[in-house]
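These protein sequence lines are chains A and B, in that order.
Here the working numbering is used: the first residue of the first sequence is 1, the next is one more, and so on.
Here the working numbering is used: the first residue of the second sequence is 1, the next is one more, and so on.
Please keep in mind that the hints were generated in silico from the structure rather than gathered at the bench.
Warning: the hint list may mix true and false statements.
[Unchecked claim] To give an idea of the interface, some chain B residues facing chain A are shown, with a C-beta separation under 10 Å as derived from the structure: (1) Ala262; (2) Asn270; (3) Phe304.
[Unchecked claim] In the DMTMM-like style, the derived pairs of lysine to aspartate or glutamate whose C-alpha atoms are separated by at most 25 Å in a straight line are: (4) A:Lys172 <-> B:Asp40; (5) A:Lys142 <-> A:Glu26; (6) A:Lys142 <-> A:Asp79; (7) A:Lys172 <-> B:Asp62; (8) A:Lys142 <-> A:Glu43; (9) A:Lys11 <-> A:Glu73; (10) A:Lys142 <-> A:Glu28; (11) A:Lys11 <-> A:Glu26; (12) A:Lys11 <-> A:Glu28; (13) A:Lys142 <-> B:Asp295; (14) A:Lys172 <-> B:Asp307; (15) A:Lys172 <-> B:Asp113; (16) A:Lys11 <-> A:Glu47; (17) A:Lys142 <-> B:Asp307; (18) A:Lys142 <-> B:Glu94; (19) A:Lys142 <-> B:Glu284; (20) A:Lys142 <-> B:Asp290; (21) A:Lys172 <-> A:Asp24; (22) A:Lys172 <-> B:Asp143; (23) A:Lys172 <-> B:Asp295; (24) A:Lys142 <-> B:Asp285; (25) A:Lys172 <-> B:Asp52; (26) A:Lys172 <-> B:Asp133; (27) A:Lys172 <-> B:Asp285; (28) A:Lys142 <-> A:Asp132; (29) A:Lys172 <-> B:Glu284; (30) A:Lys11 <-> A:Glu69; (31) A:Lys172 <-> B:Glu94; (32) A:Lys172 <-> A:Glu147; (33) A:Lys142 <-> A:Asp24.
Think of the CB as a built atom: it goes at the ideal place given N, C-alpha and C, for glycine as much as any other residue.
For reference, the chains in residue letters:
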Amino acid sequence: MTAIPTLAVFKFASCDGCQLSLLDCEDELLAVADMVQIANFPEASREVAPGPYDIVLVEGSITTRHDAERIREVRRQTDVLVTIGACATAGGIQALRNWSDVDGFVQQVYAHPDYIDTLATSTPIADHVPVDFELRGCPVNKYQLLEVIAAYLHHRRPNVSRHSVCLPCKRKGNVCVAVAHGTACLGPVTQAGCGAICPSYHRGCYACFGPAESPNVGSLVDHLRGEGVEPGDLVAMLRGFNAWAEPFRSASDRIEEGSRA
Amino acid sequence: MTQRSATDAAVVFDPATIDLLIAELSDRGYTVLGPRVVSDAIVYGPVTSSSDLPVGIRDRQDAASYRLEDRDDDAVFGYVCGPQGWKRFLHPPETTLFTAAADGDVSFPPPADAPLAFLGVRACELAAIHVQDRVLLEGPVADPVYRSNRDRLFIVAVDCTEPGGTCFCASTGTGPAAGEGFDIAMVELLDATHRFLARAGTDLGAEVLAALPSRPARSDDQEQAGRHVAEARTAMGRSVDLDGVEELLYANAVNPHWEDIARRCLACTNCTMVCPTCFCTTAEDRPSLDLASFDRVRLWDSCFTLDFSYIHGGPVRSSVSARYRQWMTHKLASWHAQFGTGGCVGCGRCITWCPVGIDLTEEVRRFRDTDLRRIAVPVAGPFPVEGGPR
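Extracted from the complex, chain A is given alone in its bound form (with noise of 0.2 Å):
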């Protein structure tokens, strides 16, 4: 009998939240557990293995000068590398920093400044080694993950959709809150996956799972500011979980050039 295939996960700077959608699995668990030997998991247990593993599962941006050495030896350790969550994909909610002045940040918050060592900006995993697959989201969606972990184990292309949220959106029947409700919602921009659970609860899409394919954000920018949103707002809604994300990135520094100008 072959060995079972060996999953590792790693953590960079985020919130743990990714890495616990798998143990969220709680139906799924066992039969996970037999598709792979979780070789190193500190949230699941404190037995590690050490690598070289077959899929490696990264959680977590890169905000520290350690960790963008850390990252490359993970890569050097692992068939597969996928990233999982808005930080780890885009930068996070800390990407925030890469408009400001961390040193700043750093004088005031810590009693011995000295004592730290970060960057200037915190970066997706993507920026510093190659990846194999991006899975989005904030948190990630469980079954998007073991549809990837699944997909991986099968050699197969996971079905995982670069869409708008307004697809299934759609499919829910849900009415839109954008058109129906006078709500400012960036779903028709951002990548399904969630299962458009904010638009169900009416409320706007909040851009969690980054930006969707082909996004066309200039022109959602443009009818919210003829819907009277201001821009301030604007930038705030896109400069979110995934505000480091090229789209969100460059529409929101417009606006801010726009209304400087």
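Starting from the known structure of chain A, fit chain B onto it as the hints suggest.
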């Protein structure tokens, strides 16, 4: 199905009889679906009595805008059409087609047990059901899911007397009065006496009507109904000249105006989801983790996604302009060649529910204004090849 003449045995009943109609259909084993107020919109779903219906409510529709308002009367069908049509009940957004086991066993889900009755089908929606019949039943292979829902369907249509802000069925020739294919069609009259003028379209419809208390229609009932429907024809919020639109769109395949639309279009798929004739689907295999079995699931899909046109090497329609052109040209032009009917029924949903308010009727006007055939350089030809393998 025997189609009767429109005036055959027209009768008049009062609004309270709507309850009896719902009860009669329920007694005959139908699951009755009709309009209800859900989440500040008029949404079609199960109704058991007139208290479920949107009495005294109207909708105000415009590009990217939909709001409900109180009416100053007790109209039962005093709105235009809901966010989504009846499509989701006949051609469901998600259907498990079969389950296959690793041992070779394949099982198909049983068809829905109760037949459906639709209460309050607008003329445009009735026309849309006929378009989907052409596509899903009358091709080389009939869709079994659609057929099982459609074959036993009972339709109560309601003619429009107050079209909405994005309506243009007068331009598409699909309204405001229900054409053929209904079991019962009604006109709601809100003059001095609030009443319904009803006519049967099938023998079954006549049988159901005969079970309800009513009086024979008089000439003044017919005259009033005729006048209101005729007025509706001239009160459409939108209009579009579809004369020669096939040639117009084919000749303008490379018109720069497609790029102008693409600057606004979000490619979010909303227009295709709410369109009552759009029928495209994708299929997903959902294996169990141990690979012992998988479900093949059919899902509504859209020509606005990249995956939709993905063939080996990449998507054929990578630009948003190519995707909008595909949708509009198919809907208004090549649909005729493919299905022998137009794909647009003038319901206006693609205008109302576009998050940025792109207006199909306005875009047709823009293509007429910028028609490349009026420019000296001949540019019409095959669609340009774009993208290519990545």
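Hints and how they fare:
1. Taking 10 Å as the C-beta cut-off, the interface hint given for Ala262 of chain B holds, the closest approach to chain A being about 8 Å.
2. The beta carbon of Asn270 of chain B is positioned within 10 Å of a beta carbon in chain A (closest approach about 5 Å), and the interface hint is therefore held.
3. Because the closest C-beta pair between Phe304 of chain B and chain A is about 8 Å apart, less than 10 Å, the hint holds.
4. Restraint check: the Cα-Cα separation between Lys172 of chain A and Asp40 of chain B comes to about 16 Å, which is no more than 25 Å; the hinted pair holds.
5. For a cut-off of 25 Å, the pair hint linking Lys142 of chain A to Glu26 of chain A stands: about 10 Å separates their Cα positions.
6. Our distance criterion of 25 Å between C-alpha atoms is met by Lys142 of chain A and Asp79 of chain A, whose separation comes to about 22 Å.
7. Between Lys172 of chain A and Asp62 of chain B the alpha-carbon distance is near 23 Å, which keeps this suggested pair within the 25 Å criterion.
8. With a CA separation close to 16 Å, the supplied pair Lys142 of chain A and Glu43 of chain A stays within the 25 Å bound.
9. The suggested pairing of Lys11 of chain A with Glu73 of chain A holds, with an alpha-carbon distance near 13 Å, which does not exceed 25 Å.
10. A threshold of 25 Å between alpha carbons decides the hint, and for Lys142 of chain A with Glu28 of chain A the separation of about 10 Å falls inside it, so the pair holds.
11. With a C-alpha separation of about 21 Å, the suggested pairing of Lys11 of chain A with Glu26 of chain A holds against the 25 Å cut-off.
12. Of the supplied pair hints, the one linking Lys11 of chain A and Glu28 of chain A holds, its CA atoms being roughly 22 Å apart against a limit of 25 Å.
13. A hinted pair counts as satisfied when its Cα atoms are at most 25 Å apart, and Lys142 of chain A with Asp295 of chain B qualifies at roughly 19 Å.
14. Of the supplied pair hints, the one linking Lys172 of chain A and Asp307 of chain B holds, its CA atoms being roughly 20 Å apart against a limit of 25 Å.
15. Taken as a hint, the Lys172 of chain A and Asp113 of chain B pair is honoured in the structure, with Cα atoms around 22 Å apart against an allowance of 25 Å.
16. Simply put, Lys11 of chain A and Glu47 of chain A have alpha-carbon atoms about 16 Å apart, close enough for the 25 Å limit, and the pair holds.
17. Taking the CA atoms of Lys142 of chain A and Asp307 of chain B, the gap is about 23 Å. The hint holds against a cut of 25 Å.
18. Taking the CA atoms of Lys142 of chain A and Glu94 of chain B, the gap is near 20 Å; set against the 25 Å cutoff, the hint holds.
19. Of the pairs offered as hints, the one joining Lys142 of chain A and Glu284 of chain B holds, with about 18 Å between alpha carbons and a cut-off of 25 Å not exceeded.
20. Annotation: proposed proximity of Lys142 of chain A to Asp290 of chain B holds, straight-line Cα distance about 17 Å (limit 25 Å).
21. Using a Cα cut-off of 25 Å, the hinted pair Lys172 of chain A and Asp24 of chain A holds, with the two alpha carbons roughly 24 Å apart.
22. About 22 Å separates the Cα atoms of Lys172 of chain A and Asp143 of chain B, which keeps this hinted pair within 25 Å; it holds.
23. About 19 Å separates the Cα atoms of Lys172 of chain A and Asp295 of chain B, which keeps this hinted pair within 25 Å; it holds.
24. Proposed proximity of Lys142 of chain A and Asp285 of chain B is supported: the alpha carbons are some 18 Å apart, at most 25 Å.
25. For the proposed pair Lys172 of chain A and Asp52 of chain B, the alpha carbon gap of about 21 Å is at most 25 Å, so the pair holds.
26. Restraint check: the Cα-Cα separation between Lys172 of chain A and Asp133 of chain B comes to about 23 Å, which is no more than 25 Å; the hinted pair holds.
27. Between Lys172 of chain A and Asp285 of chain B the alpha-carbon distance is near 19 Å, which keeps this suggested pair within the 25 Å criterion.
28. The straight-line distance between the Cα atoms of Lys142 of chain A and Asp132 of chain A is roughly 19 Å, inside the 25 Å bound, and the hint therefore holds.
29. Restraint check for Lys172 of chain A and Glu284 of chain B: the C-alpha separation of about 17 Å stays at or below 25 Å, so the hint holds.
30. The straight-line distance between the Cα atoms of Lys11 of chain A and Glu69 of chain A is roughly 13 Å, inside the 25 Å bound, and the hint therefore holds.
31. The suggested pairing of Lys172 of chain A with Glu94 of chain B holds, with an alpha-carbon distance near 9 Å, which does not exceed 25 Å.
32. For the suggested pair Lys172 of chain A and Glu147 of chain A, the alpha carbons sit about 21 Å apart, so the restraint of at most 25 Å is met.
33. Distance restraint check for Lys142 of chain A and Asp24 of chain A: the Cα-Cα separation of roughly 7 Å lies within the 25 Å cut-off, and the hinted pair is therefore satisfied.
In the structure shown, no violation is registered for any of the earlier numbered hints.
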